[in-house]
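J.: Residue numbers (the numbering used here), protein chains in the order written: chain A, 1 to 353; chain B, 1 to 353.
If you're looking for bench data, these hints aren't it; they were derived computationally from the structure. Keep in mind that the hints are not guaranteed to be accurate.
Identical copies go unnamed one by one, so any copy, or any two together, can satisfy a pair.
[As the list claims (entries may be wrong)] Each computed PhoX-like pair below joins lysine-lysine, with the alpha-carbon atoms no more than 25 Å apart: (1) Lys-275 <-> Lys-264; (2) Lys-290 <-> Lys-135; (3) Lys-326 <-> Lys-275; (4) Lys-125 <-> Lys-326; (5) Lys-326 <-> Lys-290; (6) Lys-292 <-> Lys-74; (7) Lys-135 <-> Lys-292; (8) Lys-264 <-> Lys-326; (9) Lys-290 <-> Lys-264; (10) Lys-135 <-> Lys-125.
Protein chains: 2
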Amino acid sequence: MPEAAESRDTNNMGPSQPEAQPSAASQAGAYERLRALVAEDLEAVNGLIRSRMVSEQAPLIAELASHLIEAGGKRLRPILTLAAARLCGYEGAHHQLLAATVEFIHTATLLHDDVVDESARRRGKESANILWGNKPSVLVGDFLFSRSFQLMVETGSIRVLEILSTASAVIAEGEVLQLASVNTLADDDDIYMRVIRAKTAALFEAATQVGGVIAGVDPEAEAALAQFGAELGVAFQLVDDVLDYGGADARLGKSIGDDFREGKATLPVLLAYRKGDEPTREFWRRVIVKRKQEEGDLEHALVLLEQADALTETAARAREHIAIAKRALERFPQTPLRQALEDVSDFVVARTL
Amino acid sequence: MPEAAESRDTNNMGPSQPEAQPSAASQAGAYERLRALVAEDLEAVNGLIRSRMVSEQAPLIAELASHLIEAGGKRLRPILTLAAARLCGYEGAHHQLLAATVEFIHTATLLHDDVVDESARRRGKESANILWGNKPSVLVGDFLFSRSFQLMVETGSIRVLEILSTASAVIAEGEVLQLASVNTLADDDDIYMRVIRAKTAALFEAATQVGGVIAGVDPEAEAALAQFGAELGVAFQLVDDVLDYGGADARLGKSIGDDFREGKATLPVLLAYRKGDEPTREFWRRVIVKRKQEEGDLEHALVLLEQADALTETAARAREHIAIAKRALERFPQTPLRQALEDVSDFVVARTL
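Starting from the given sequences, assemble the full structure and let the hints guide the process.
T.: Shown next as structure tokens:
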């Protein structure tokens, strides 16, 4: 955990230093540019995903899985795997198997998350647990998870299997830790950071790391790719937690205030709670810890978050993690691919603007 | 699917041919004898299971997992892995990792099954989903599943990883197929057999097969071990489906009539449905397909199963699969270990007596 980064004064990250901020124009198309650079690989990955999510035994599997997989997810994680491998000069095709693996693990966790969180929407559509029920969502998640292991086994690389099986375990640990701590208002960010490093950043980290491993890079380059993914993943989750209180519904494909209604003590809430006077703290205790919510509470929460600068501070933290992520890429050749990865990193944070 | 075995006249398997039946005495202690033959290995496996189910991040994981893992499961599947490896002359320790893997996969599927089936009891105790809720059961299942992959990766054997990751996918397919077909009264056993081969027999099959693989046996011996496990697994599930209508509550650690209440069209039900007159078929349609059950229905179902000889016929089918399983062992040296595996196979069916 980058203690230094997190304790740094966040004021010097604001718009008073415009030279540190990428232009809006470069951010807007960043994702599309990165995607274009791996377009051929990505098409192969989409083919793998479509063919491997099918079960001859149980047609329901492909029906449910495709609802989620075809619903316009950005494929950010598999694209990171493809880009990391190509950045390291890889010319084979095994990174496609790994990218599909990563997307299947991600999809499996989404299916189980939505059951656990009782979510009603995902990627702008009704979620699978609402449409088909919890039971198929649990079992199809298990299937995709197993398929992901079959895919990675096909690479024949034990090192890759170590990394991805460990990441899967860490993700589950993070989910359980979150479940045990979600309605707790802590006085520090320790558990919150552990949860997001595990439940979100671990898969980003593994996604980029295995791209390097399959390309046969040295341990230092592998570690740099892992750090890039991990810090990007932390930033991604921080921004997600900001957007839950402020993003446009259509853009995110999910409702605003989901975290609030579930009483999730995300970083914005923790920051506002800590800075608040006693009535404010009592409010947060009622809605988060006791989960006794009334009409108008979300609106009041938004006012308190604004007063405490909690959303801007969380976004500033995200930018610090992005800065670390980008530094990790400095050892790689300055190619259009590396530039696109840096721009996408900025774009992840730009989502809060 | 052994069509020949299943269409064979089952009358010649009855007590009129006592020489084909093992003595009650040899059956009773069979499991304990097999267990004793791998006692040292099993102790190491239990140590692995205890240490690997722990998560430093999330203590809830070990709490929930140990509730199930320590609840007196027989460890039949890991014992089969240990015995298969030793039967093939294996002298290393990797089979212990595989045995722990198999138990973790089994435990993960139990946790998810109980969520899907809304079961209240498991192994004579309240089930985890009742005690902790569905959410931790789903997530701890995911954790154990991931851990199982970490364990098998430690063997470094890609062939073993192929077999076990494929088995995991097949299990999930079987569960989904069951979900889609459970309340259907089919006129043949095709889907029922596909379900039990996938959801139950696939793990038995992988458990014995990887024991041979890790010992480095030739493909024919590997296939024989796989067949032994698969046929034993089919018999095990057939007997389980009989016991749901007849076993002693205490012995099974779960309630009688669970399948009935869930409207599961297991083989006994399918047999009674097919042999029944129109009022009988209408009864089965009401309780299984429409799931409209009234007081006294379970008792009436038991009478109909008895009239149709459905439980004895299902048990006879199980004995046929056991016969195939035992034949698959004939190529291996006649050691106490092989004898114990044969006796345990008989014991699996003897549970219905």
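J.: All hints are to be evaluated individually against the structure, with a verdict given for each.
T.: Verification of the supplied hints:
1. Lys-275 <-> Lys-264: within (18 Å within a copy, 56 Å between copies)
2. Lys-290 <-> Lys-135: between (29 Å within a copy, 19 Å between copies)
3. Lys-326 <-> Lys-275: neither (31 Å within a copy, 71 Å between copies)
4. Lys-125 <-> Lys-326: Neither: 33 Å inside a chain and 52 Å across chains, both beyond 25 Å.
5. Lys-326 <-> Lys-290: For Lys-326 and Lys-290, the Cα distance exceeds 25 Å both inside one copy (40 Å) and across copies (59 Å).
6. Lys-292 <-> Lys-74: neither (35 Å within a copy, 45 Å between copies)
7. Lys-135 <-> Lys-292: between (29 Å within a copy, 21 Å between copies)
8. Lys-264 <-> Lys-326: neither (30 Å within a copy, 55 Å between copies)
9. Lys-290 <-> Lys-264: within (11 Å within a copy, 40 Å between copies)
10. Lys-135 <-> Lys-125: The answer is both: 19 Å in one copy and 22 Å across copies each meet 25 Å.
Comparing the model with each earlier hint shows violations of hints 3, 4, 5, 6, 8; every other hint is respected.
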